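Fit chain B to the given chain A structure using the hints.
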Amino acid sequence: MSGPTTPDAATPGQGADLPAALSEEALAAALEQAQVAFAAAADLEALKAARLAHVDKGAIAGARREIGALPPAAKAEAGKRVGAALDAVRAAYTAREEALQAARDERILVQERVDVTMPTGRRPLGSRHPIELTQERLVDIFVGMGWEVAEGPEVESEWMNFDALNLGKDHPARQMQDTFFVDPPDGGLVLRTQTSPIQIRTMLTREPPIYVVAPGKVFRTDDLDATHTPVFHQIELLAVDKGLTMGHLRGAIDHFVRAMFGDVKTRVRASYFPFTEPSMETDFQCFVCRGADDSCRLCGGSGWIELGGSGMVNRKVLTACGIDPDVYTGFAFGFGIERALQLRNGVSDMRDMVEGDVRFSGQFGMAV
Amino acid sequence: MRVPLSWLGELVDLAPGARGAEVAASLVSVGLEEEALHGGDITGPLVVGRVLTFEEQIQKNGKPIRFCTVDVGHHGQRVTDGIPQEIVCGATNFEVGDLVVVVLPGAVLPGGFAISARKTYGRVSNGMICAEDELGLGEDHTGIIVLRDYLGEAAVAGVAPGDDALALLGLGEQVLELNITPDRGYCFSMRGIAREYWHSQGSPAGAFRDPGVVPSNPPANLDGYAVHLTDATPIDGSPGCDRYVARIVRGIDPSAPSPGWMRSRLTQAGMRPISLAVDVTNYVMLLVGQPLHAFDLDTLSGSIKVRRARAGERLTTLDGVDRELSPEDLLITDGGQIPLALAGVMGGATSEVTESTTNVLVEAAHFDPVTIARTSRRHRLVSEASKRFERGVDPRVADDAAQLAVDLLVEFGGGTVDPGVTDVDTTSSRTAYPLDVTLPGRLVGVDYSRDKVVQILTDLGCTVEDPGVAPLEVVFVTPPSWRPDLVDGPDYAEEVARVDGYDRIPSILPTPTDGRGLTHAQLVRRIVANALVGRGYTEVLSYPFVSADFGDILGMTADDPRRSAVRLANPLSDQAPLMRTSVLDTLLDSLRRNISRGQRDVALFELGMVTRPLPGASHTAPVPGVDRRPDDATIASIDAAVPSQPRHAAVVLTGDADRAGWWGAGRAADWTDALDAVRTVAGALAVPVAVSAGDAAPWHPGRCAAITLADGTLVGYAGELHPKVLDRLGLPARTCAAELDIDVLTTASAEPTRLKGFSTQPVALTDVALTLAEDVAAGDLQSVLREAAGEFVEWVTLFDVYRGEQVGADKKSMAFRLAFRAPDRTLTTDEVSGFRDAAVAAAAARFGAVQR
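If you read the protein sequences in the order shown, they are chains A and B.
Residues in the first sequence are numbered consecutively from 3, following our numbering.
Residues in the second sequence are numbered consecutively from 377, following our numbering.
None of these hints come from the bench; they were simulated from the model.
Any given hint could turn out to be false.
Pairwise CB distance ranges, derived in the manner of DEER restraints [claimed, not checked]:
(1) 386(B) <-> 361(A): 56 to 62 Å
(2) 879(B) <-> 142(A): 28 to 34 Å
(3) 887(B) <-> 269(A): 22 to 28 Å
(4) 326(A) <-> 726(B): 35 to 41 Å
(5) 326(A) <-> 895(B): 26 to 32 Å
(6) 1155(B) <-> 50(A): 23 to 29 Å
(7) 1173(B) <-> 361(A): 37 to 43 Å
(8) 269(A) <-> 1044(B): 54 to 60 Å
(9) 338(A) <-> 431(B): 50 to 56 Å
(10) 1088(B) <-> 300(A): 51 to 57 Å
Note that the structure is a prediction, hence the values are computed from the model and not measured.
Ideal placement from N, C-alpha and C gives every residue a C-beta, glycine not left out.
Next comes chain A alone, as it looks inside the complex (with noise of 0.2 Å):
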């Protein structure tokens, strides 16, 4: 280290004249012994002591105190002189500096390493029942291409679920149907066994056109087995406006089925309801083995699975809703939400949609 040096008063200007802490020399020595340092500073505390020394004390720190003595013709090259050796050394400083704190950073990124497949889940997530996301997939559907949702209630009156839908007390469709009566029986209350009164209370409550989609719950007096449950899930389509054709009905039916089950051709057959005429039954491609296999465990070997009734809304019904049968038509089509979840998803046992057990709607997270 070089000590204080006095500035020599009698030698104004050149550079030559210059005292010897400010030489270029003097300046390279120290820088060199600057980098020497810092290149020494095996961690970040070493290169700040290096730092002290070299840049904030040291040699060019001291060659820089004497610019000031210096006669005001000398100092503008000194100061260069100084100033160059001083952004050489901090440079240096700087590029070890980034060095140890690239080198430091690395390290401790290597030290906080975790195990990441450890189990996490303080707070799992729930999931939604499969049938009530396949009633709203179902719903979206139809929503997206402009019909709407109508409701009603569970408990219903007889008149909705059945006179008004063409089931005339002796109907023998009444007999197909197990109905539960609501105490005491000939009070006219029933728990609804289909979602069609949501087409009565529409047609009495809306001005055609209506296109509506209905949802919902729906009972029959059946012993809950691996095929059958009391409590089940039905969605229904209504459509009445002017025009409306058994041509329209497919068209709704073959897009549901595109959306629900992929690409799949469809077929129709004459079939029977008391609340349309003509009726139809529609049965849709397998989905899985598009009749290739004869051992096809979704479609048992034919081909073709079977969706649903529907048909033109009986004039007798838009009658008794007060629609005039003469200027508008109007067709349905209803469909079983667990027969849905049945065909996409493998559910092959009822029990499992109503049990309520944990594991078998955690299988679907929000999604189906």
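Positioned in the frame of chain A, the structure of chain B alone reads:
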């Protein structure tokens, strides 16, 4: 309806080479439903065998096994080894000497089940003695088929060991099973099915031979058996019986067997051969759809009177049940006095044809569908006859059917027919319907020509008159007598569409234009459900049925309005006859099931309807007519009778809310989690709710929060459940739950949320600790602090509670942090102190709180 293919082929020309599958496809194409295809799938030796010996051994599993030798004629081991067939059999319902059905090695049974000689129970079984289900003949597997029981004594008279059992049982050919929809009563006959098949082939001329047209049928005369039709109380104006044909055949040999072909057809059709007279009536019914009844003439006194039953009258039907009759039941009576039969449903025991009957009266009548349906339902008695009558039988076929039966009884029973032919006929002819020929096209969406419409309807048996005058689109259509279901335009449209082919219906996507998306209420339910899922709750859908004592189990007070529940007249289980009045009622069952299946930490929710009848209200809904829209008052009274059914959401949780793991211990679920669920739901809907101490079943009285809207409307309750309730339900201690009325929250969130401004100035925080009496509610204290803290307070939160010697007995210290912010400037320390002091002063004045 089971349709033997060979029988069908006698009535209508089947397409060349068509087997069961093709015939089924054709019938499906015109709207019949295929249920199953039976038979024709057994190959190889299936023979009659006679049991020669058996040796019974009880196996380790307690099951008896019989090692049998069976005479199978010139087959099997008799041929190869010169000994009778050795067969191991698990059934015990046979004796030595019985004729049975034996399937021999090399045969293949339905389902591809190949038979070979194989070792079973330690010995080689060379084939198998068959049960019904193994041959696809039925579901019965209680024992093997013993031919004497299965076919009847008479039928097995000429059968010998080694005979082909395929032919004997009618298994060699295919039988199609069809499901008949209620509108197609005429398809409950070979005649109807044959006609439908004919339509499926384009109704070619001459290809269908109608068995309902019987050339030998003589005209009626006045010499027949006396029959009187009366009906003092017709239902809906329709007389109970509008046609009654009676024919008499005398001198039938009671021991004469039915011909084999008839027995085999009956068997194929799913009916059991019994005796000639009974078999003939069943056969004719299957052929033309007309139920017939055979009376033993010698038990009758001279005349038949058809009338409604009298109150208190009784009849023992053929099934041996003594029935009390209703005045709505229609009776066939002997001379008006003695009930002989429940008309159209079942005969009575006294006039039954027996094994000694020689003189028979054959009844072929037409009964009112509604009368028969009601009687069948009332007596829970469904017969082959009632099934047909309630769906509608062709009223014009009765005399032909009777003649068919007479001819068969004469031919095979050696009887003589009486010349008297009774035919009391009060049926009226159908009126023509003015059909707009463009209607089928307009309804179906296919352009049917006028000629096409007329042609199809004519083929179907309709009479079509074309007046050729304006309006030119209209033709007059009279349906055939066997189609009571054809009434108005759409009925004919369906006929045209199905015969022309439903496959021609185009696919056109309808395009509604004014849909408004989901309603607010529908969105709310999705939001609530999804928010709870995010909070860790799993959705379940429980049955809404609860037990009669649910109110007691849940600890409800006697006057709790939730005790008023809708009761089912015919519940699935007497244990659960009521409809739930809260979702929690049934959600707790789901929790219990999960616990019993080994789950420990469970959080469930359900969103669904509850039924809330008004206590004491009578819920009786009017049932108006359907010929026009009921008036508004009637609709209103229907709606008023339907009980209120709000939608509720309930949550329940037990075990750890925060799970234990390698990170440390878990945190047990407690009442705060239940309230968090409530706040999650309310927060998701941006509805401010207030919490206060509540007291409602089934919650712990000290740990129950009542949730209200700002205006005081009750939303629901949350907290820990009552220990006694948990005990009664067998649920873990400290289980917590909440139930919310989603309809209330829907209304409360209906208006769009209006944004309130918020400041971007720096926040000033200050803490205050207050000592006060133990019974002051934190919520009340916080409200007072907040109210008194001035306009710039942004939030107030409780961050510590301390109890101990320093604060004294029955006291607690609560530490709050208050945050302040002005909209336009930084608040000074003095200002903030001033706000805090004001808040503390208010707490002191209201609750005697002292700042620590």
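Hint by hint, here is what the structure shows:
1. Restraint check, residue 386(B) to residue 361(A): a C-beta distance of roughly 58 Å satisfies the suggested window 56 to 62 Å.
2. In this structure the supplied range 28 to 34 Å holds for residue 879(B) paired with residue 142(A), their Cβ-Cβ distance being about 30 Å.
3. Restraint check, residue 887(B) to residue 269(A): a C-beta distance of roughly 24 Å satisfies the suggested window 22 to 28 Å.
4. Remark: the range hint 35 to 41 Å for residue 326(A) to residue 726(B) is contradicted by a beta-carbon distance near 56 Å.
5. The given range of 26 to 32 Å is respected by residue 326(A) and residue 895(B), whose C-beta atoms sit roughly 28 Å from each other.
6. The given range of 23 to 29 Å is broken by residue 1155(B) and residue 50(A), whose C-beta atoms sit roughly 56 Å from each other.
7. The hinted range of 37 to 43 Å is satisfied by residue 1173(B) and residue 361(A), whose Cβ atoms lie roughly 39 Å apart.
8. In this structure, residue 269(A) and residue 1044(B) meet the distance hint of 54 to 60 Å, their C-beta atoms being roughly 58 Å apart.
9. Range check, residue 338(A) to residue 431(B): about 53 Å between beta-carbon atoms, so the 50 to 56 Å window is met.
10. Evaluation of the 51 to 57 Å hint for residue 1088(B) and residue 300(A) yields a pass: the beta carbon distance comes to about 55 Å.
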